[in-house]
Structures are given as structure tokens and as C-alpha cells.
Amino acid sequence: AQKVTQAQTEISVVEKEDVTLDCVYETRDTTYYLFWYKQPPSGELVFLIRRNSFDEQNEISGRYSWNFQKSTSSFNFTITASQVVDSAVYFCALSEYNQAGTALIFGKGTTLSVSS
Amino acid sequence: KAGVTQTPRYLIKTRGQQVTLSCSPISGHRSVSWYQQTPGQGLQFLFEYFSETQRNKGNFPGRFSGRQFSNSRSEMNVSTLELGDSALYLCASSLAGERRYEQYFGPGTRLTVT
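Line order of the protein sequences matches chains A and B.
The first sequence begins at 1 in our numbering and counts up one residue at a time.
The second sequence begins at 117 in our numbering and counts up one residue at a time.
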């Protein structure tokens, strides 16, 4: 069965600290997609990244970077030099390719609090 | 380009009533998905529509239903509301083809059942 685990429920850091959010997934499929979404207090889920299972290259976008390791079924997200505006709930999600639609399976989320 | 819009943003209903929520996708997006978010269960997939057809359905009772119109706008309906239906209902839209896996979410409708 598909499952996404975000073991860290809450993380608190001080501005400028680096922080890594962990994500571990389970799937029977060989083709799948992984995602990270950010949910600020306003409630809207903001798409951050999509990674397919054949692309294990790490990705960097500004202060954000993602580390995908198929061997450990992990897709971790690092924020470098965190800022107060990064405070939000972050969700990791999985979508299997061989299914009728594109349903996302979400982890429970990690609440990140960045203080100044 | 305008994002996904959902109406209403907030709703209070009484147990036993029914409710209809509306979602307008991003222009050009033909797929619309609905999710329920609660503190206990987190984000759970309800259903997905593409070209007016339900393509996928989550594990929710039949009281939850939806539809999609020819302009890709979608509605979801919950009948015989229960207290446990209180949640944030999120709608997401996506393009067809390979990019259908990139779902863009609206601000949600917060439903409170009393």
C-alpha cells in the first residue's frame, strides 16, 4: 500500500538556521511521483516541487533543496538560511503512475516555526 | 493567470443538512480533484474529475459526491451532514498529459457542522 511518513511533527528554528524536513514513502510501483507542498496559515497548499521516480538528481531552487534517495525511499527537503516567512506546514506527497487518476497521498505534515 | 477559486470560503451548516461547494480551476486545466483536510486524518483524497467524468475516488461514503461541468468547473456535495464532516475542503486543478501530476490548490472552503 502507498504511505508517506513525515516523522517530524513540529520543528522550531531561529532565523538563518538550516533545517531539513524528512519524508519516507512506501509504494509497490516502480513509477511514481513525489511532491512537496507548503501550507501557510492562509490554508492554500502551494506546490513546491515534483520529482519522478526515475530522476534521482538532487535539485536546488534558491534556498530550497531536495534530496531523493530511492535506496532508502526518502525525499528530504532542506531550507537553507531559514526566514520567518518559511513558517508553515510542509507536506510530502506521493502519486503512483499506474492508477486511474492522479490522487495524491499526503504525509501528516511537519509544522515549521521560524523565529526572529 | 488566475488561480483556483473556491466558493464559499466559509460555511456553517447543521447536522443533517446538505451542502454544495464549488471550484473553478485554473484556465486550461481540465482535471479537478477534491481533498478533505482534518486535524485527525490529515489530507485525504475524495475524488477526481476529468472531462466531466469521475476518474478516481477515495475511500469516502456515498454521502460525498461530485460532478464536473463542460467548462471544467466542479462541485462537490455532501448530504446528511455529520459533525465529523467539519473540515477544510480543498480543490486542486491540473493540466492533462504528463503535467497532470502537478496539482495546484485553491484556498479551500472551511465547513463547520454544528
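Hint data in this document are derived by calculation from the structure and do not stem from the laboratory.
Just so it is clear, CB atoms sit at the ideal spot from N, CA and C, and this is done for glycine as well.
Don't take every hint at face value.
Example chain B residues on the side facing chain A (calculated, C-beta under 10 Å, incomplete) [as the list claims (entries may be wrong)]:
(1) Tyr151
(2) Gln153
(3) Phe161
* Should the interface hint for B/Tyr151 be scored as holding, given a Cβ-Cβ cut-off of 10 Å against chain A? -> With a minimum Cβ separation of about 8 Å from chain A (threshold 10 Å), the hint on B/Tyr151 holds.
* To do: Report holds or violated for the interface hint on B/Phe161, using the least CB-CB distance to chain A and a cut-off of 10 Å.
  => holds (4 Å)
* Would the hint on B/Gln153 stand, with a C-beta cut-off of 10 Å toward chain A? -> holds (8 Å)
Checked against the numbered hints above, the structure breaks none of them.
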